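Trainee: Single-letter residue listing:
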Amino acid sequence: MNIALMASDDIPDDLRPRWISSLSLAEPAVLEAHWAMLDPKPSFRWLRPAESGLVMLRGRAGGNGQAFNLGEMTATRAVALVDGTPALTGYGYVAGRSRRHAELAALFDALLQDPTRREDLWHDLVLPVEAIRSEARRKRAAAVGTTRVDFTTMVRGDV
Amino acid sequence: MFEHAVVTQPGLADPVHQSQEIFRTVLAALSEPGRVFQLAAAAPAGVLGPVGGLGPVGDLGIGPAALAVLLALTDGDTPVWLGGEAEALANYLRFHTGSPIVADPGAAQFALLKGGDRRLDCFNPGTEDFPDHSATLIVEVVALAEGGSITLSGPGIPDHRPVTVQGLPADFAEQWAANHAQFPCGVDVIVTCGASLMGLPRTVSLTRSGR
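Just so you know, the sequences run in chain order A and B. Take the first sequence: its letters are residues 1 to 159, numbered as in this note's numbering. Take the second sequence: its letters are residues 1 to 211, numbered as in this note's numbering.
Derived from the structure by calculation, the hints contain no laboratory data. Bear in mind that the values here come from a model prediction, so they are computed numbers and not experimental data. Fair warning: there could be bad hints in the mix.
Now the stretches of chain A that chain B is said to cover, found in silico as 3 or more residues with beta-carbon under 8 Å [stated by the list, open to error]: (1) 14 to 25; (2) 94 to 108.
Partial list, derived from the structure: chain B residues whose beta carbon lies under 10 Å from chain A [stated by the list, open to error]: (3) Val6; (4) Thr8; (5) Gln9; (6) Phe95; (7) Pro100; (8) Pro155; (9) Gly156; (10) Ile157; (11) Gly194; (12) Thr203.
Ranges of calculated distance between the beta carbons of each label pair, as one might list FRET restraints [what the hints assert, rightly or not]: (13) A:Arg16 / B:Ala177: 51 to 61 Å; (14) A:Arg138 / B:Asp104: 37 to 47 Å; (15) A:Pro28 / B:Ala107: 18 to 28 Å; (16) A:Gly53 / B:Asp104: 24 to 34 Å.
C-beta atoms are modelled at their ideal positions from N, C-alpha and C, and glycine is treated no differently.
Using the sequences plus the hints, can you model the full thing?
Mentor: See the structure below:
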């Protein structure tokens, strides 16, 4: 096919920002379904139970101007401590008020740090979740694309 | 690999209600200096463990009452001084309260002392214009009880109130006299021992009988 499947060692730690992002943007139902299938489930406790609050979004005009406060958005976060040697701390930050989504994102973040679980989770959860998201974006782009108007400048006769 | 599980202890199980109860207890303690209050009932599961238990705070090297006060009163706007050798506790507070941990005692709004490992005059007593900007010290001692050889008097105390506090430095009475004399400036102290705490606001005068 395309790229050869990577071995577990080839899924490096520095992909963590990517999987944290993918988990946060995933459909909670997909995470929930994967969690339900997970066997054995890890034992864990909440270092920081899920809590919702506001975060200030800041922006810069043109990407390099003075930082300004754009507005607040609701966010939910949770931190799980998954037992093991060593114990793993997973962070979940999601937009909106879904406590369960934040919890699942935190749990999967912790599990993805576990070398014995990473490869399976990467291929069975992170990549599919990313595929779902890019497919949804593609569909949306295609749907919007049908109404695209291309403004063409006519050369008018009187010029 | 990642840095694993720097913080392994949960914070307050029910942050809203527990921190309110802890705050009320601290308020009551500072209003009635010399009375010993128990925090175990006020702050159940979570940080203090099962009601009355010492809970999972052992490896932080701090008693439940002192920890409960720090969790309830500190946040990202209150610099905290912990002294040296408190890396686990510093990480814990950074995680749960977001407090900046400062090395300079004079810059702290809250400080945790074991007995008297720093003199009271190291800490910010506030200014004449803003005496409320002074530091609040949480002093962990070996033993704390009502009745005893230390006599407190002042606002909130009818006549006088004797207490027992073990683990303070020998010259604490002199340090306290200097702190008390600065009124309206001066630091306030919350004395803790296990799950008990006692308020010692700057308004209180303290005498050691038998000396």
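Trainee: Take the hints in turn and mark each one as holding or not.
Mentor: Status of the hints after comparison with the structure:
no., hint, in the structure
1, 14 to 25, "violated (count 1)"
2, 94 to 108, "violated (count 0)"
3, Val6, "7 Å, holds"
4, Thr8, "6 Å, holds"
5, Gln9, "8 Å, holds"
6, Phe95, "8 Å, holds"
7, Pro100, "19 Å, violated"
8, Pro155, "38 Å, violated"
9, Gly156, "36 Å, violated"
10, Ile157, "40 Å, violated"
11, Gly194, "24 Å, violated"
12, Thr203, "37 Å, violated"
13, A:Arg16 / B:Ala177: 51 to 61 Å, "56 Å, holds"
14, A:Arg138 / B:Asp104: 37 to 47 Å, "56 Å, violated"
15, A:Pro28 / B:Ala107: 18 to 28 Å, "44 Å, violated"
16, A:Gly53 / B:Asp104: 24 to 34 Å, "31 Å, holds"
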